Amino acid sequence: MDRRQMLIGAGGALGLGLGGARQALAQAQTPIRFLTPETDPTQVRVWQAFVEQYGAANRGVAIRPEYASWDDLVRKVSADLMAGAPPEVIAGSSRVGFVAAASRRNLLMDLTPVVEEIGRADFHAPSLAAWKFGNVQAAIPYGMQWPVLWCRTDLFGEAGVPLPTTWDEYRAAAEKLTSPQRGIFGACFPAGRTWNTEIQAGTAIWQAGGTMFDEKLNVTLDTPEVRRAMTYYAEMCRFSPPDIGSYGFREASAAYTSGKSATTFYWGRVLSHLHAQAPELLPKTRTVHYPRGVKQAVAFGWDEFVVYRGRNSRAAMDYVKWMLQPQQMYAMMEPVIAHVVPTRNSVVPMLQQHEWIKKHPEIVTTLIEPIDFGISSVKESPNHPFNFKWESFQARNIIPDMVQRIVLGREPVAIAVEKAQKDGADAVKDVRQ
Amino acid sequence: MASDEAIARAPRVRSGVAAGVTSRGGVLGALRDRHLGLVLLAPGAFTFLVLLVFPLGYGIYTSFLQRHVLDPEGIWVGLENYAWLLSNGEFWRSLMLSSFWAGATVGLQIILGTAVALLLHQPFKGRSMVRGLVLFPYMMPVVSVVLVWMLLYNALYGVVNWLLVQAGIIAAPIAWLSQPDSAFWAVVFVGVWKYFPFVVVIVLARLQVIPQDLYEAARIDGAGAWSRFVDITLPQLRDVLLVVALLRTIFMFNNFEIIFLLTGGGPLKATMTLPIMVYEQAFGIYELGRGSTIAVVMFLILIAVMSIYFAFLRKEDA
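Just so you know, the protein sequences line up as chains A and B, in that order.
Counting in my numbering, the first sequence runs from 1 upward without gaps.
Counting in my numbering, the second sequence runs from 1 upward without gaps.
The hints are simulated quantities; they were obtained by calculation from the structure and are not laboratory data.
Do not rely on the hints blindly, as some may be mistaken.
[As the list claims (entries may be wrong)] Think about it this way: if two alpha-carbon atoms lie no more than 20 Å apart in a straight line, the pair counts; the simulated SDA-like pairs of lysine to any residue are: (1) Lys419(A) <-> Phe256(B); (2) Lys422(A) <-> Gly59(B); (3) Lys429(A) <-> Glu80(B); (4) Lys76(A) <-> Leu70(B); (5) Lys132(A) <-> Pro113(A); (6) Lys419(A) <-> Asn88(B); (7) Lys260(A) <-> Asn154(B); (8) Lys260(A) <-> Tyr157(B); (9) Lys419(A) <-> Leu268(B); (10) Lys76(A) <-> Glu80(B); (11) Lys429(A) <-> Gly74(B); (12) Lys422(A) <-> Leu70(B); (13) Lys422(A) <-> Asn88(B); (14) Lys422(A) <-> Glu90(B); (15) Lys76(A) <-> Phe256(B); (16) Lys76(A) <-> Leu261(B); (17) Lys429(A) <-> Leu261(B); (18) Lys429(A) <-> Gly284(B); (19) Lys260(A) <-> Leu261(B); (20) Lys419(A) <-> Arg93(B); (21) Lys76(A) <-> Leu268(B).
[To be verified] Partial chain A-side listing against chain B, Cβ under 10 Å, derived: (22) Val74; (23) Lys76; (24) Gly160; (25) Pro162; (26) Gly192; (27) Phe388; (28) Ser392.
These numbers come from a predicted model, not from an experiment.
Virtual Cβ for every residue (Gly too), placed ideally from N, Cα, C.
Please take these sequences and the hints and turn them into a complete structure.
Written as structure tokens, this is what we have:
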């Protein structure tokens with residue numbers, strides 16, 4: 001075979017290969033990329049089971065699950081958007097500001113038809129309303145949630161202090177509970193450049209009577225309330241593990257389940273972590289609502305489905321509708337029971353039948369009984385409009401940076417707060433609705 | 001006579017080839033032959049354009065845009081991003097940190113790598129096995145390395161703290177990765193540990209080809225071990241160490257994953273090198289134009305370093 005014949009042969013083979021591939025592609029299934037930060041192993045098993053069940057019932061569709069950490073999720077979505085290929089479905093981003101910005105730019109599907117087909121009356125109306133921007137239902141929340149204070153009752157008993165209901169009580173208890181020699185710390189206030197730090201510090205600001213934005217959406221960090229909140233936060237960091245400077249969600253939960261912290265702020269997920277990693281701590285655990293400052297407040301959030309526009313968005317909406325059916329919704333919640341409260345009324349009774357819910361009322365009551373003091377960062381009071389500037393403010397880590405300057409950099413609170421005010425104002429000065 | 005025959009035959013051979021081509025494809029065949037080289041080059045050229053020239057050009061173009069992740073088209077702002085960058089204190093701080101990171105890691109890699117290579121050049125029992133083991137950090141995936149070191153550095157349970165406390169060097173455990181004072185050096189240490197085997201391999205290879213006569217002559221002249229190292233080994237290693245230094249500087253200056261996975265650029269931006277800053281701007285703050293601007297400046301800095309490298313190579317060739 002000479003060179004020419006070999007080239008012709010190779011060209012022919014390539015042509016045949018491409019032709020065959022084209023035929024195979026024509027018969028391929030509709031792929032749906034499904035991205036979620038809900039990555040507990042038990043939760044991942046549920047997502048995988050969904051892929052199999054839905055695939056078996058819908059031969060023409062292939063669900064492709066992808067996973068990311070909570071802190072990296074929006075960055076991953078951003079990179080995918082730049083590449084022109086966002087995932088079709090995202091479950092659990094909880095970033096209202098980012099979703100609102102994406103909706104404003106017409107990047108998301110309007111999920112109103114899904115809500116109507118399922119039955120609007122069965123949904124928790126305020127949760128649906130929180131994700132409706134203009135006339136577009138940009139996301140459908142499937143769970144709502146708020147963090148609580150997880151407490152080791154045995155250690156509180158040893159120290160002779162009650163479970164805290166106020167900042168002063170908590171500060172006194174944390175001091176008594178802290179024993180570096182035993183490797184136990186009374187509190188767990190995160191100070192990493194993370195979302196969890198932002199949520200906990202933001203909550204402290206609300207509890208101190210402050211806000212991050214006023215009703216005209218100007219940054220309001222340089223106030224006596226914020227200074228008071230940050231002073232309290234820095235004090236509590238003294239009673240927290242020494243490596244809080246890198247703490248996000250995972251570390252804050254692990255600090256409690258590993259026995260390192262006698263208390264931690266966290267959502268209901270800790271219950272399943274305790275069952276899996278430290279069942280001996282379950283009888284010694286109780287949750288209480290956040291100790292109050294001048295007022296009671298807590299960060300209120302949701303886990304939600306979002307569908308990005310793309311070739312397979314219609315098929316993706318069908319998949320979302322399927323996941324929102326009661327059996328599937330319950331299956332999503334079962335591995336991390338009490339982590340979120342379902343937004344569909346018909347699923348709530350199923351949740352209450354779960355063995356752990358029945359067995360641990362002292363843990364789950366604060367997590368599943370409705371509250372009236374939840375606050376969202378994008379709407380800090382009933383008088384605030386939706387804060388379209390929040391996403392820019394949040395993306396620049398204004399709050400975590402302020403916490404780090406105070407806690408790790410030992411900067412005086414007044415100076416750190418003043419700098420955060422300036423940085424925050426700079427971050428949002430060019431943001432237009 | 002034989003050469004005369006060969007000369008006489010040569011035109012016939014050439015015309016024979018031409019005749020053969022013509023007979024198979026006529027003018028078309030000749031054209032094909034003429035363009036065969038281009039056809040064969042095309043895949044390589046195409047790959048080069050798609051994988052190198054286009055991304056580079058696109059990155060430079062993006063650096064002239066104000067471009068948000070959710071507004072992919074962007075607005076042309078000319079040199080505004082460059083003006084922002086040059087007046088941005090954080091950029092200069094990150095540039096200094098990047099240079100310091102590259103200098104410290106490369107310097108320590110060379111010192112440690114050369115020392116280990118010298119040890120491994122000596123005959124001892126089990127030398128082959130140790131030579132294999134020393135490559136272990138270099139072969140490990142970065143993610144595994146980072147997880148291992150995060151555990152080693154752990155403030156409460158980490159072996160590093162335990163050893164230092166036991167040895168009486170520190171009184172209480174240190175949160176190595178969470179304190180601005182210690183995070184940078186903790187990250188540098190991991191960078192050195194991960195990549196020093198590269199230096200070991202290169203230096204060891206060079207050590208093995210240094211003529212033994214030089215050492216024997218030095219011994220006869222009464223030179224001690226230190227003198228032999230300074231006067232023979234080091235001059236013989238000079239060229240290879242320079243090349244290693246330049247290559248490692250380029251690699252370490254660009255290194256993203258070790259720092260990002262260990263500290264994410266924190267705490268208090270104590271490890272915010274330029275690659276982390278690019279990521280922060282592009283995907284943290286969604287300012288793709290500004291992220292690209294930093295990337296372009298990094299590219300120019302590395303071009304300068306590479307120019308030194310090629311100048312050095314040219315000098316060596318001459």
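Checked hints:
With a CA separation close to 28 Å, the supplied pair lysine 419(A) and phenylalanine 256(B) exceeds the 20 Å bound. A C-alpha spacing of about 31 Å is found between lysine 422(A) and glycine 59(B), which places the hinted pair above 20 Å, so the restraint is violated. Annotation: proposed proximity of lysine 429(A) to glutamate 80(B) holds, straight-line Cα distance about 17 Å (limit 20 Å). About 13 Å separates the Cα atoms of lysine 76(A) and leucine 70(B), which keeps this hinted pair within 20 Å; it holds.
With a C-alpha separation of about 13 Å, the suggested pairing of lysine 132(A) with proline 113(A) holds against the 20 Å cut-off. A threshold of 20 Å between alpha carbons decides the hint, and for lysine 419(A) with asparagine 88(B) the separation of about 16 Å falls inside it, so the pair holds. For a cut-off of 20 Å, the pair hint linking lysine 260(A) to asparagine 154(B) stands: about 12 Å separates their Cα positions. With a C-alpha separation of about 10 Å, the suggested pair lysine 260(A) and tyrosine 157(B) falls inside the 20 Å cut-off, and the hint holds.
The hinted pair formed by lysine 419(A) and leucine 268(B) meets the criterion: a straight-line CA distance of about 14 Å does not exceed 20 Å. Distance check on the hinted pair: lysine 76(A) and glutamate 80(B) sit about 27 Å apart at the alpha-carbon level, beyond 20 Å; violated. Straight-line distance between C-alpha atoms of lysine 429(A) and glycine 74(B) comes to about 19 Å, which keeps the hinted pair within the 20 Å bound. As the CA atoms of lysine 422(A) and leucine 70(B) are separated by approximately 25 Å, the hinted pair breaks the 20 Å bound.
Straight-line distance between C-alpha atoms of lysine 422(A) and asparagine 88(B) comes to about 15 Å, which keeps the hinted pair within the 20 Å bound. Among the hinted pairs, lysine 422(A) with glutamate 90(B) is consistent with the structure: their alpha-carbon atoms are about 16 Å apart, no more than 20 Å. Under the criterion of a C-alpha separation no larger than 20 Å, the hint pairing lysine 76(A) with phenylalanine 256(B) is consistent with the structure, at around 16 Å. The hinted pair formed by lysine 76(A) and leucine 261(B) meets the criterion: a straight-line CA distance of about 15 Å does not exceed 20 Å.
A C-alpha spacing of about 32 Å is found between lysine 429(A) and leucine 261(B), which places the hinted pair above 20 Å, so the restraint is violated. This hinted pair checks out: lysine 429(A) and glycine 284(B) have alpha carbons roughly 18 Å apart, not beyond 20 Å. About 23 Å separates the Cα atoms of lysine 260(A) and leucine 261(B), which puts this hinted pair outside 20 Å; it is violated. At roughly 18 Å between alpha-carbon atoms, lysine 419(A) and arginine 93(B) fall within 20 Å of each other, so this suggested pair holds.
A hinted pair counts as satisfied when its Cα atoms are at most 20 Å apart, and lysine 76(A) with leucine 268(B) does not qualify at roughly 23 Å. Evaluation of the valine 74(A) hint against chain B yields a held restraint, the C-beta minimum of about 8 Å falling below 10 Å. Using the Cβ-Cβ criterion of 10 Å, the hint placing lysine 76(A) at the interface with chain B is satisfied: the shortest such distance is roughly 8 Å. Because the smallest distance between the Cβ of glycine 160(A) and any Cβ of chain B comes to about 25 Å, over 10 Å, the interface hint for this residue is violated.
A least Cβ separation of about 27 Å between proline 162(A) and chain B goes past the 10 Å threshold, and the interface hint is therefore violated. Below 10 Å, beta-carbon pairs count as interface contacts, and glycine 192(A) has one with chain B at about 7 Å; its hint therefore holds. Given hint, phenylalanine 388(A) at the interface with chain B, is violated; its Cβ is 12 Å from that chain's nearest Cβ, farther than 10 Å. A cut of 10 Å between beta carbons decides the hint on serine 392(A): the least distance to chain B is about 8 Å, and the hint holds.
Going through the hint list in order, the structure does not satisfy hints 1, 2, 10, 12, 17, 19, 21, 24, 25 and 27.
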